[in-house]
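Fit chain V to the known structure of chain Y by using the hints.
Note that the protein sequences, when read in sequence, are chains Y and V. So the first sequence is numbered by the numbering used here: it starts at 1 and just counts up by one. So the second sequence is numbered by the numbering used here: it starts at 433 and just counts up by one.
Keep in mind that a hint or two might mislead.
[Unchecked claim] As a list, the in silico BS3-like pairs of lysine-lysine whose alpha-carbon atoms are at most 30 Å apart:
| no. | chain 1 | residue 1 | chain 2 | residue 2 |
| --- | --- | --- | --- | --- |
| 1 | Y | K340 | V | K468 |
| 2 | V | K752 | Y | K336 |
| 3 | V | K452 | Y | K150 |
| 4 | V | K772 | Y | K36 |
| 5 | Y | K332 | V | K468 |
Hints listed in this document are in silico derivations from the structure and should not be mistaken for laboratory results.
2 protein chains.
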Amino acid sequence: MRVINLGLIGFGTIGTGMVKVLKERIPFFERELGIKLSLTAICDKDILTRRKVEIDKDILTQDVSRVVDDPQIDIVIELVGGLHPAKEFILRALKNKKHVVTANKALLAECGEEIFKYAEQQGVDVYFEASVGGGIPIIEALREGFVANKIEKIYGIINGTCNYILTQMSDKGCAFRVALKDAQDRGYAEKNPGLDINGIDSAHKIAILSRLCFKQKIPLEKIFIEGIRNISLSDIRYADELGYSIKLLAIAKRTSSNLQIRVHPTLLPKDHLLSNVQGVFNALFVNAALIGQALFFGQGAGQMPTASAVVSDIIFLAEKIQRPLVADNAKKTKIKIKEKPICTIDDIESRYYIRFSALDKPAVLAKVSAILGKYGISIFSVIQKGRRQAHIVPVVIMTHEAKEKNMRKALSEIDMLTVIKNKSVAIRVERV
Amino acid sequence: MRVINLGLIGFGTIGTGMVKVLKERIPFFERELGIKLSLTAICDKDILTRRKVEIDKDILTQDVSRVVDDPQIDIVIELVGGLHPAKEFILRALKNKKHVVTANKALLAECGEEIFKYAEQQGVDVYFEASVGGGIPIIEALREGFVANKIEKIYGIINGTCNYILTQMSDKGCAFRVALKDAQDRGYAEKNPGLDINGIDSAHKIAILSRLCFKQKIPLEKIFIEGIRNISLSDIRYADELGYSIKLLAIAKRTSSNLQIRVHPTLLPKDHLLSNVQGVFNALFVNAALIGQALFFGQGAGQMPTASAVVSDIIFLAEKIQRPLVADNAKKTKIKIKEKPICTIDDIESRYYIRFSALDKPAVLAKVSAILGKYGISIFSVIQKGRRQAHIVPVVIMTHEAKEKNMRKALSEIDMLTVIKNKSVAIRVERV
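Just chain Y, same shape as in the assembly:
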């Protein structure tokens, strides 16, 4: 049996978890799958700190060439994270015709096109199950399980930090700031939480998923991104009263003419499964012609779920290595498919939840609805509450489908009315 040699770059939390799993499962892989793995080198800047796993000291190195250049090594596992030097490490491994496993969502979102093209040119593969949805085999499902399907829509709760914060606000009735502090205390949010709460991390992940589903380049800058920083407790409460929860959704849709890819807080009917995804859990809802609706749920991050995904990629690649492609086989037909334009946020159509802070005067609603009407936005329902503070009353409106462009124009006009006190809030509503 040919031994398949692995080299790891990045011996942090995930790396340590992966080494633990490998040590435990190597006999099983040999016995059940006929795959013999050997971890041959581990590279990290820090080779002094003791990790919670026993390893042969000789394999630990600060010299990355012992991983990416060693001709013995078949698969390089990149768990460094970030753009640089992770990108250079991966490209060098590919140059040396090594397969790569990575959990690096930021890098794949930014430079995926370049990396995948180069890998194809070199005749090797880049696997990335751990980059989205932690231990949930989402990538595998989209690539293999649903291979017969044209994926039409995906809706993901793919950032555990944001989902934890929104769940806490909803369950405990606390403000955003309090929930964020709690998430930080528990280690669910970073000290500098921008990447998560501003929606960037979700955007990275939906870029990766969209590329996989729609087989075309998805430039990050074409993804509309809105985070959860401005979600207030009162919006969560009004939404609840209307039968909705608020979730940070990453959305990717294929229409007949274009693609829509966006990340923003979204009202979802409470009886939808995605509404019931609580705390740090992740879920991906998929809509496709043959399978109809499907949902995948699980832990989207953490040491062992992520290690689980990394190891499943290693096994996939090991099976490929044991089965070398016969030269003539599997030549892809080079047909260039017309790429679909990615729709700007201006052109999407959505229902909206809008909250106005109105001075408690008669005819406010008449003025507001006149402006909405002018832009072709029709009202589905209204909640107008009694006086709250200093003559200001909240007015909550749910609209029918409207164009985002029109909604923005209407809102800026409404916000200029003297009877409107604060900037109005608008949150998109999805019928998933």
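Just chain V now, with coordinates in the frame of chain Y:
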């Protein structure tokens, strides 16, 4: 590029769906995956009925040997269903070293051991994604995505007919018989619905999943099976009042000493995701050391979801065929692992929902609880309602964990009390 030839046996609903999908996706598979498929023969008893898909008449035959014996054919797709002659067809295909794709859950549950062993001996594979959970890639996830995990527990809603009936009873407040009739009218239940509502179909599927998770033989007769025929509307209502829904669950657990594999109606907390799986949908909840909790949800049956699963298996096998195993590679180490005994239902521990029909006399509860106490069963909560009909009152008790054996003894003693009118009802409660 080597063309991979497919032969289909069984040109019914699923078969027709599969042919449709293939016709549509063949160019995509060639372009994106470098896989060239050709459907070379279709065998069915009925070659006259027109199906809703265009095919070359020459490939349609009543002669099964044109599929299973033709040396050109690489993969045989068995969609005949039932034990015989499906089993003989599959064995003959394997004998001729053809890979097999099947959706035949009954056959795999009954004869899986024999079929898989023979396939291994012949150096070919049997794939069966469509046998459980329709279009949801459950088998793939358990086999590949979770390969690094020891699966501890799986809980499945894997029979859409039963889930539809229970959902209807709960939502519409109708009796079992009415809901069954409705399911039959909609084509969700067969005229002779025994296989579904008696839990046999779920047992077939959990046998397949357990074998995959626990890597050992799972004889069908060791699976405890209880269907939904005796679930009454009043139990659904009491369960609801207590915060539970009633679902037909297929359960497989690995403990340190044994395996528990069973199918029965189960009380599940209403806030659990499985409780929110409605209608004909299926879901599988998985618990494993690394990934923690995961859930897969989707359409568990139907023409196109099932065809989707069949085609994904074909692609998996086609990729393997293009990558012939080098002789020396992937020899499995032959270590015989000790199989775990499968626990009988007597020895499981569970919480229970129990409903007694008591004569409206004082001291009924005292008598009942004395018997429960004698068998070491302690009470968690009680609902006792006012008089309903002719001096009979329902008494509903939720217990703490108790051994099934003790519960049965207690119930038979309780049912002999003169103050108890009808046979008592007991439903297991799971903390999933």
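Structure-based check of each hint:
| no. | hint | verdict |
| --- | --- | --- |
| 1 | Y/K340 with V/K468 | 26 Å, holds |
| 2 | V/K752 with Y/K336 | 26 Å, holds |
| 3 | V/K452 with Y/K150 | 14 Å, holds |
| 4 | V/K772 with Y/K36 | 26 Å, holds |
| 5 | Y/K332 with V/K468 | 9 Å, holds |
Of the numbered hints listed earlier, not one is contradicted by the structure.
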